[in-house]
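2 protein chains.
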Amino acid sequence: MESLEQMGKKAKAAARVLATAASAEKDKALRAIAAALRENAPAILEANKADLAAGREAGLTESLLDRLALSEGRIEGMAAGVEEVALTADPIGKIDQGSVRPNGLQIYRVRVPLGVIGIIYEARPNVTADAAALCLKAGNAVILRGGKEAIRSNQAIANCMREAVEKAGLPADSIQLVEDTSRASSNALMRLNGYLDVLIPRGGAGLIRAVVENATVPVIETGTGNCHVFVDETADLDMAADIVFNAKTSRPSVCNAMETLLIHEKIAGKALPVIKNRLDEKNVELRGCARTREILGDTVKPATEEDYATEFLDYILAVRVVKDLDEALAHIARYSSGHSECIVTESYENARRFEREVDAAAVYVNASTRFTDGGMFGYGAEIGISTQKLHARGPMGVEQLTSMKYVIHGDGQIRA
Amino acid sequence: MESLEQMGKKAKAAARVLATAASAEKDKALRAIAAALRENAPAILEANKADLAAGREAGLTESLLDRLALSEGRIEGMAAGVEEVALTADPIGKIDQGSVRPNGLQIYRVRVPLGVIGIIYEARPNVTADAAALCLKAGNAVILRGGKEAIRSNQAIANCMREAVEKAGLPADSIQLVEDTSRASSNALMRLNGYLDVLIPRGGAGLIRAVVENATVPVIETGTGNCHVFVDETADLDMAADIVFNAKTSRPSVCNAMETLLIHEKIAGKALPVIKNRLDEKNVELRGCARTREILGDTVKPATEEDYATEFLDYILAVRVVKDLDEALAHIARYSSGHSECIVTESYENARRFEREVDAAAVYVNASTRFTDGGMFGYGAEIGISTQKLHARGPMGVEQLTSMKYVIHGDGQIRA
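Chains P and B, in that order, give the protein sequences.
Under the numbering used here, the first residue of the first sequence carries the number 1, and numbering increases by one thereafter.
Under the numbering used here, the first residue of the second sequence carries the number 1, and numbering increases by one thereafter.
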């Protein structure tokens, strides 16, 4: 098996070519990838079947097997996603500022690719195509390291993408898959300094922690979302119930789903029963503070400190009655993972304070946290939601996979 | 002594206040800091004298003692620098994009502080004031961890800054200095996850390596500059000699100084003697390839692989004759630290290829690499030159010490 260092060298060489590739060349390669995915669907499904069989034998849970499973429809979705990336604007080469200095030097700042991007992910083989397409569009070479459960599917997908890219006239090594799925290869990728310009983990909290703990290359953390909705004293009751219901139950397993309801004590008595009623439709388990249980009765489990700190990703909701906006803000400052936070209010002043004081990638007034998503924001496909403040925050699309450089044109200027 | 975790908590609390402080409040605090530095100059100089005495006793080199030494003039320089930061534009609150989505959601992106910034630096006590001022201007709390040689000076500076900030109405903990200068405190700062939003090392290659190797918090690498000047076949000879002389000798100890001269073989015979003549004025030691030594004689030392990889920061220059632009680009791709790279040429095509293909923070055509600097670029004071591609590249001024967030205004929108 190839060493990661060899892969790193090949990626750097490919990245040098991609950095100056014209948009038309990159888009041609993306369309070729989409066609190849469709054409090779039978082989990909064959490989996926083998992964699923091995997964069943290894005792993977049903939800993991579901994430692993491909179908004609899912492959078509991957291909359509790659075509959509081809249609987005190319950020490379954009000049966002420039001036002439008093000494006549012309200085401008131009958007360039990051270079080589590493992606570590888990069982979902569609990430292989999605991530590769976004990286390629932004002129980056990518080294993909998926989970061992999906290795056969990933190989089938990566091979057909590499062939397509090469036929389209760009280096096959623009896309490389790490075939060694041992923990050692994952750790080595995290320390591939000198080759990787950034490493992006896509997966659960455990994966992200492991990357943050072990990586020596620059990392962008994605995904953990301990999201709150604060129902303020002046909230419209129906709106509050709709937003809580949507934020909690429309897709509980994703990072922009709500995990804790904070509710103003002056509205709690009236609002909590209404909200509980809605959540009962989906059998959401509530875990509440003492005041919540006074209002809703002690069939509601008591909430622990840990509940407030937990991203349930399930039909479970922590609830806390707070005495005012300040207490809500303090709770959020303490427990938020900085993903998406919402206030439901009719108070201009409280809306303004909430949006200014809450430190998160996305701060909502009177809308569901579920909108935090590249597509919903109008930025197209994304590689994840960054919850860190460095480089990219919120949905990371093609533009967030770029850097910039300064170009300086002179006529022999020297520094005094 | 306080634990770093306690300091982290205080910094977070201060950061929450700073995040919504008005520009006028921050600028008032900065002017108060400048006044306090001037007023407390005698006490700061006293502390510095003790540092210098201890340093001499510990056998510090003269150049290290020089970096450590303060004077009335240097303190005035620090104060003036802080005032200059007060005069720069406040980036916080700037909205750089926004739109209304088809469902009526208004989404805009607003610039916000990073939060808590850690700075690890070495013997220069002026960094204490410079870094604190830039962080404060951008609404960040800062935890400063300077070298043990400067601890007394740093304490005197930090104490007077804290008092000034508090008197001006902002939290004293906006600026904190780690008083424990053991290696353990430095390592603990690198792993202060949950409190530090970014750690910026300012210092030599050894410090930066240690941070990259050990940090689990996000890091911005600064400073290493293995910069090249490529003198192309068509270069204007006088311009080439001026640029090489300036880039190498105007201040050899800084990161934007030139370290290797690459020269086209068709001009080398004529140009190298002229360039050597200029460099002889400053007794620059040349280390050349075989062809260089044929031209200049074997009083020129042979260059090793290691010489090409070294940031000399001294009156030493590696020289290599290359057969064309491609060989120059390949050399730069191999050895460059991605800081500043220059071509001297009269060829439009080669200028264009060089600026597009060289992967560095600053790419020059016909100007000295010495211009890579926040002030020279017109961006004001800087905290360092980033040589990484994530978040910030090139001079890092106030704006690079910020992040952003999305604010979403709705009327009860939920996701389908």
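Treat the hints as calculated values from the structure; they're not laboratory data.
As the structure is a computational prediction, the values presented were derived from the model and not from experiment.
Be a bit skeptical, because a hint or two may be false.
Note that identical chains are pooled: a pair holds if it fits in a single copy or bridges any two copies.
With a Cα cut of at most 35 angstroms, we get these calculated DSBU-like pairs of lysine-lysine [to be verified]:
| # | residue 1 | residue 2 |
| --- | --- | --- |
| 1 | K9 | K323 |
| 2 | K10 | K323 |
| 3 | K266 | K9 |
| 4 | K28 | K167 |
| 5 | K167 | K10 |
| 6 | K282 | K167 |
| 7 | K301 | K28 |
Hints versus structure:
1. Proximity of K9 and K323 under a CA criterion of 35 angstroms is satisfied inter-copy only: 24 angstroms between copies versus 58 angstroms inside one chain copy.
2. When the C-alpha separation of K10 and K323 is checked against a cutoff of 35 angstroms, the pair qualifies only between copies, where the shortest distance is 24 angstroms, while the shortest distance within a copy is 59 angstroms.
3. In this homomeric assembly, K266 and K9 come within 35 angstroms of each other (Cα to Cα) only across copies, at 31 angstroms, whereas the closest approach inside a single copy is 62 angstroms.
4. In this assembly of identical chains, K28 and K167 lie within 35 angstroms of each other by CA distance solely inside one copy; the values are 10 angstroms within and 62 angstroms between copies.
5. In this assembly of identical chains, the alpha carbons of K167 and K10 lie at most 35 angstroms apart only when taken from the same copy (18 angstroms versus 57 angstroms across copies).
6. For the identical chains of this complex, K282 and K167 are neighbours neither inside a copy (50 angstroms) nor across copies (55 angstroms), given an alpha-carbon limit of 35 angstroms.
7. Within a single copy, K301 and K28 get their C-alpha atoms no closer than 56 angstroms, and across copies no closer than 51 angstroms, so neither meets the 35 angstroms cut-off.
Checked against the numbered hints given earlier, the structure breaks hints 6 and 7 and satisfies all the rest.
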